[in-house]
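Novice: As a plain string of letters, each chain reads:
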Amino acid sequence: MRLLNNKKGQVRVIEAFFASMLLLGCLALIPAPTTPKGSTVNLVWKAQNVLLTLDGDGHLAGLVDNRNWTSIEQIVESALPLTTWFNLTVYDQTQNILNPFPISNGGAISGNVVSYDYVCASQSSTFVVYVLQLQLAVMD
Amino acid sequence: MLIVSALIVALLLLSTAIYVIEVGKQVPTVSAETDVFFGYKQTVRNTLISALANVTAGGNQAILGTDLSELKAAILANSYHAMLTIDYDLLNSSDYQNGLWVSWEANGFGTSSAYSSFRFESSSPSATSNVEYAVNVTSTLKINGNYLQLNDTVKQVNLTINVLNEGKAVLSHNFIFSYQNATDWVPVDSPSISSFSNGTYTASFNSETAKLNDPVVVSLNCQDERGIFVGAKLTCTGQ
Chain A
105 MRLLNNKKGQ VRVIEAFFAS MLLLGCLALI PAPTTPKGST VNLVWKAQNV
155 LLTLDGDGHL AGLVDNRNWT SIEQIVESAL PLTTWFNLTV YDQTQNILNP
205 FPISNGGAIS GNVVSYDYVC ASQSSTFVVY VLQLQLAVMD
Chain B
491 MLIVSALIVA LLLLSTAIYV IEVGKQVPTV SAETDVFFGY KQTVRNTLIS
541 ALANVTAGGN QAILGTDLSE LKAAILANSY HAMLTIDYDL LNSSDYQNGL
591 WVSWEANGFG TSSAYSSFRF ESSSPSATSN VEYAVNVTST LKINGNYLQL
641 NDTVKQVNLT INVLNEGKAV LSHNFIFSYQ NATDWVPVDS PSISSFSNGT
691 YTASFNSETA KLNDPVVVSL NCQDERGIFV GAKLTCTGQ
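Quick note, the sequences are listed as chains A and B, same order.
202 is the number that our numbering gives to position 98 of the first sequence; each next residue is one higher, with no gaps.
610 is the number that our numbering gives to position 120 of the second sequence; each next residue is one higher, with no gaps.
Quick caveat, the hints were computed from the structure, so don't treat them as lab data.
All figures in this text were calculated on a predicted structure; none of them were measured in a lab.
Some clues are possibly wrong.
[Stated by the list, open to error] Here are the simulated SDA-like cross-link-like pairs (lysine to any residue), alpha carbons at most 25 Å apart as the crow flies:
| id | chain 1 | residue 1 | chain 2 | residue 2 |
| --- | --- | --- | --- | --- |
| 1 | B | Lys562 | A | Ala183 |
| 2 | B | Lys531 | A | Ser219 |
| 3 | B | Lys658 | A | Thr157 |
| 4 | B | Lys562 | A | Asp161 |
| 5 | B | Lys562 | A | Asn203 |
| 6 | B | Lys531 | A | Leu127 |
| 7 | B | Lys562 | A | Gln199 |
| 8 | B | Lys658 | A | Gly160 |
| 9 | B | Lys658 | A | Ser229 |
| 10 | B | Lys531 | A | Asn153 |
| 11 | B | Lys632 | B | Lys562 |
| 12 | B | Lys531 | A | Tyr195 |
Isolated chain B (complex conformation):
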């Protein structure tokens, strides 16, 4: 009886040990080219962020293609183990032109976005692999608010601001406010800005308009932590 029990325990021990060893073998230990391609996703993302930061700061609209071409040359020049092929397509659609979409609307909503798809192919004597993915970088600004009439011409504008990266709330800086007085845009010198530390800000400043009860058109540009500018305009009405 004791020997039968010992035999069962021994079999259990052996099967557990074999299972653990087999599972351990499935851990990736070889630096396959596909891992490298997915690794380059961050480098590609950085390139899109750089191009978008450049364009939204007033740079060349065709910069994304130039930067990706430069990146491709650098990756190919530093690949010693396999023959690589890298292709990319900058999105061209109703919104995107050359992979970029910068839309700072008058409805309190602004978008700065870059989108490109990539295809990596690798062939070496031992293996051939290919990977495809798309990378999207989008900074979004949402503002809403109203004004409080302080006297005949002065209005206090109160705004709530949200900044998002790929739909997630992020911190921002370099807030530049201005408001429309007749046909001129008047920069706001010292707005009062409060941060809720979660990507939401409130801001208030005084504006002067010619007529009582006129709506106030405000403009806001800001920069997210990646250095991408995004802006929006909003027509504020009285409380």
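Just chain A, with the same shape it has in the complex:
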């Protein structure tokens, strides 16, 4: 009987209920971060970053000079997320394809493919310019 008449305890419970509702409401109001996954802009930026980083000390140009296609495939693959499809084509100045086999991590895909061209110069005493075309897509 005394317990039922204790109004102060009931007010505390209601106060706690409203406080928790307030906190939950606040959490619900926080907007989810919008990352443009798979968007064209993001993929072009990623392709550009990969090529610029790999050629940071002229390493990529050196691998192309030595026609070391396997190493190029490995470093590009290691620089990209597993869910990203890539296909790299290396051209000389007259637009002839230099790589004898596709430098890629899989077959054709149906998603949105972006392409980025990077002009790369050789450090060897015989000057050569290469055009590296990196195509990227996000695999479903």
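Position chain B relative to chain A; hints supplied.
Specialist: Structure of chain B alone, referenced to chain A:
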């Protein structure tokens, strides 16, 4: 009281979340042309290295201008998104001629260097941007040492060698030593070279000169890991 505390906590949570989201928006996510221009800095550097490697191996002194012209044509041909303008100036000063400075001195100090400034301009319907920067590639060789008189005519030359790229110590190879005997330069067949793995080397070899206590003039050419040759001469005196 509890509701007021919850309200404060809620406000703190909200403000933190908004701050994190606003900071996240400042991360560059668009491939602006300026990023590409700075990206081409490595390509430009490679071009300067290639030209310097060519010239120091006995190539054409005007090769840098030719190579940069070729690079410019390739970049312009592969730019589809904007109208590009690329200008470059090869440094001409008391030391540099056509952007190149190759000075292999007789005081034990040698420099092979290339320097050019660049200006990129891009205009597209959405934006216009321009970027300017200079690229300098310099390989430096420093040698010092002396000789130890072994007998009347034979002297053991001991050298300490430092190779630098843009002022930073680097590894090197293809060391070619020779010394002056009267008016002839005598190549050294099998010098003893030790590397300290930090761009510093020591070398020793025997030389034959006609007179006792004559100084020994030595010449060293070497190639850094970028393929650029650099050389220097040094007059060694007795210990």
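Novice: Decide, hint by hint, whether the structure agrees.
Specialist: Hint check:
Proximity of Lys562(B) to Ala183(A) is assessed by CA-CA distance (about 28 Å); at most 25 Å being required, the pair is judged violated. For the hint linking Lys531(B) to Ser219(A), the alpha-carbon distance of about 21 Å falls within 25 Å, and the restraint holds. This hinted pair checks out: Lys658(B) and Thr157(A) have alpha carbons roughly 21 Å apart, not beyond 25 Å. For a cut-off of 25 Å, the pair hint linking Lys562(B) to Asp161(A) stands: about 20 Å separates their Cα positions.
Restraint check for Lys562(B) and Asn203(A): satisfied, since their Cα atoms lie roughly 24 Å apart, inside the 25 Å limit. This hinted pair does not check out: Lys531(B) and Leu127(A) have alpha carbons roughly 51 Å apart, beyond 25 Å. Taken as a hint, the Lys562(B) and Gln199(A) pair is honoured in the structure, with Cα atoms around 16 Å apart against an allowance of 25 Å. About 17 Å separates the Cα atoms of Lys658(B) and Gly160(A), which keeps this hinted pair within 25 Å; it holds.
With a C-alpha separation of about 22 Å, the suggested pairing of Lys658(B) with Ser229(A) holds against the 25 Å cut-off. In summary, the hint linking Lys531(B) to Asn153(A) is supported, as the alpha carbons are separated by about 14 Å, within the 25 Å threshold. As the CA atoms of Lys632(B) and Lys562(B) are separated by approximately 35 Å, the hinted pair breaks the 25 Å bound. Pair hint Lys531(B) plus Tyr195(A) holds up; C-alpha atoms about 20 Å apart against a cutoff of 25 Å.
Checked against the numbered hints given earlier, the structure breaks hints 1, 6, 11 and satisfies all the rest.
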